[in-house]
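Based on the provided sequences and hints, a complete structural model is requested.
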Amino acid sequence: MTTHTEYEVAVIGAGPAGLTAALYLARYHRKVVVIHDGNSRALRIPLTHNAPGFPDGVNGIDLVDRMTEHAREFGAKFVEERVETVRKQDKGFVIQVQNGGQWHVRGVVLATGILLNEVDLPRPIHEQAIKDDVLRYCAICDGYEHTAKRIGVIGCDSNGAGEALFLSRYSSDITLMPLSFSELEPNEIEALDREGITVKHGALDRIIPYSDRIEVKLSDQDALEFDVIYPALGCSPRAELAAALGIELTESGCVPDRFVTGPDIAGFYAAGDVVDGLDQISVAMGHGALAATRLHNWLRAQDGEALP
Numbered sequence: 027m028t029t030h031t032e033y034e035v036a037v038i039g040a041g042p043a044g045l046t047a048a049l050y051l052a053r054y055h056r057k058v059v060v061i062h063d064g065n066s067r068a069l070r071i072p073l074t075h076n077a078p079g080f081p082d083g084v085n086g087i088d089l090v091d092r093m094t095e096h097a098r099e100f101g102a103k104f105v106e107e108r109v110e111t112v113r114k115q116d117k118g119f120v121i122q123v124q125n126g127g128q129w130h131v132r133g134v135v136l137a138t139g140i141l142l143n144e145v146d147l148p149r150p151i152h153e154q155a156i157k158d159d160v161l162r163y164c165a166i167c168d169g170y171e172h173t174a175k176r177i178g179v180i181g182c183d184s185n186g187a188g189e190a191l192f193l194s195r196y197s198s199d200i201t202l203m204p205l206s207f208s209e210l211e212p213n214e215i216e217a218l219d220r221e222g223i224t225v226k227h228g229a230l231d232r233i234i235p236y237s238d239r240i241e242v243k244l245s246d247q248d249a250l251e252f253d254v255i256y257p258a259l260g261c262s263p264r265a266e267l268a269a270a271l272g273i274e275l276t277e278s279g280c281v282p283d284r285f286v287t288g289p290d291i292a293g294f295y296a297a298g299d300v301v302d303g304l305d306q307i308s309v310a311m312g313h314g315a316l317a318a319t320r321l322h323n324w325l326r327a328q329d330g331e332a333l334p
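If you're matching positions, the sequence shown starts at 27 in the numbering used here and goes up one per residue.
Derived by calculation from the structure, the hints in this document are not laboratory data.
We treat Cβ as the ideally placed atom computed from N, Cα and C, and that holds for glycine.
Please note: incorrect hints may appear among the correct ones.
Simulated DEER-style distance windows between Cβ atoms [unchecked claim]: (1) A174 x D248: 15 to 25 Å; (2) E32 x L147: 40 to 50 Å; (3) A174 x A292: 48 to 58 Å; (4) T224 x T28: 51 to 61 Å; (5) S262 x T28: 24 to 34 Å; (6) T224 x F104: 40 to 50 Å; (7) G188 x D329: 40 to 50 Å; (8) D91 x G126: 24 to 34 Å; (9) G126 x E95: 23 to 33 Å; (10) Q115 x S245: 48 to 58 Å; (11) T111 x D248: 46 to 56 Å; (12) F192 x G330: 43 to 53 Å; (13) T319 x K243: 48 to 58 Å.
No more than 35 Å apart at the CA atoms, straight line, and that leaves these computed lysine-lysine pairs for DSBU-like [unchecked claim]: (14) K157 x K226; (15) K103 x K114; (16) K157 x K175; (17) K57 x K117; (18) K175 x K226; (19) K103 x K117; (20) K57 x K103.
Shown next, in the form of structure tokens:
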């Protein structure tokens, strides 16, 4: 087993939150290692217009590559490994990775993000539908691009109703498909009706993406055709490492947002989508900068470099 002790701090995750944290820590002259599994959700973004400073949009791979090189330029070390455990010890943390290696560090920024609950399509077809802009998972990110389009929302309970109502700002042609296992509350039905949102019930038989449209077939219904569909099926925060440290997660399975700024566990911070809040690139970057700065100042205090 290889044991590494040459780094002061570790960032777990290499999306916008983790990469921002790594950049700030490196520029604070901290020896920082970024440990990640290569599965940042940002890498799947074909084009986003919600990243400030990119008026023509930027795709996720380009954004992550630029941010990685930026952090590396100032000395951040990158290791692609899956983290199995993070354990607290008297002088910091032990990070165990899948190949058996260990990293001993004084502080950690957790930026592992979330996994989306996706519609059931073969992976190549699913990813091509995202690239073709007929399948989208973030109404906040992409609603503007679907102004006046035919929009379908696949979702259950309040998730789907809320998504459909949010998108009604962009289009008057919205259909909610809450699926057969869902029950809408009376106030949700009233709100959907007030906004002119069509509701179609039935189990989901199939989804067929084309390059310029997408077809949804519900049981006992004719096939429905849309310019784009938004599944509103929730997500699974990648917060297992935090839970294993004894952190009580929120109802949605996220790390509480107080861990961005002040550690309940000394030296442990969190940033980005794994934290309870708004899952946006700009928010993740802000979290990363804040968590890194708080960790840096916490280390300064431990070393007697800061005022009490």
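Structure-based check of each hint:
The hinted window of 15 to 25 Å between A174 and D248 holds, with their beta carbons roughly 23 Å apart. Restraint check, E32 to L147: a C-beta distance of roughly 44 Å satisfies the suggested window 40 to 50 Å. For A174 and A292, the Cβ-Cβ distance of about 52 Å falls inside the hinted range of 48 to 58 Å, so the restraint holds. For T224 and T28, the hinted distance range of 51 to 61 Å is satisfied, since their beta carbons lie about 58 Å from each other.
Checking the proposed 24 to 34 Å range against S262 and T28 shows it holds: the Cβ atoms sit about 31 Å from each other. Restraint check, T224 to F104: a C-beta distance of roughly 48 Å satisfies the suggested window 40 to 50 Å. The hint said 40 to 50 Å for the Cβ distance between G188 and D329, and at roughly 47 Å that hint holds. Take D91 and G126: their Cβ atoms lie about 29 Å apart, and the range 24 to 34 Å holds.
For G126 paired with E95, a C-beta distance near 29 Å keeps the hint of 23 to 33 Å intact. Roughly 55 Å separates the CB atoms of Q115 and S245, a value that falls within the hinted 48 to 58 Å. Between T111 and D248 the C-beta distance comes to about 51 Å, which sits within the given range of 46 to 56 Å. Restraint check, F192 to G330: a C-beta distance of roughly 50 Å satisfies the suggested window 43 to 53 Å.
A beta carbon spacing of about 51 Å between T319 and K243 agrees with the range 48 to 58 Å that was offered as a hint. The hinted pair formed by K157 and K226 meets the criterion: a straight-line CA distance of about 26 Å does not exceed 35 Å. Restraint check for K103 and K114: satisfied, since their Cα atoms lie roughly 22 Å apart, inside the 35 Å limit. For the suggested pair K157 and K175, the alpha carbons sit about 17 Å apart, so the restraint of at most 35 Å is met.
The hinted pair formed by K57 and K117 meets the criterion: a straight-line CA distance of about 16 Å does not exceed 35 Å. With a C-alpha separation of about 18 Å, the suggested pairing of K175 with K226 holds against the 35 Å cut-off. The straight-line distance between the Cα atoms of K103 and K117 is roughly 21 Å, inside the 35 Å bound, and the hint therefore holds. Taking the CA atoms of K57 and K103, the gap is about 8 Å. The hint holds against a cut of 35 Å.
Consistency note: the structure conflicts with none of the earlier hints.
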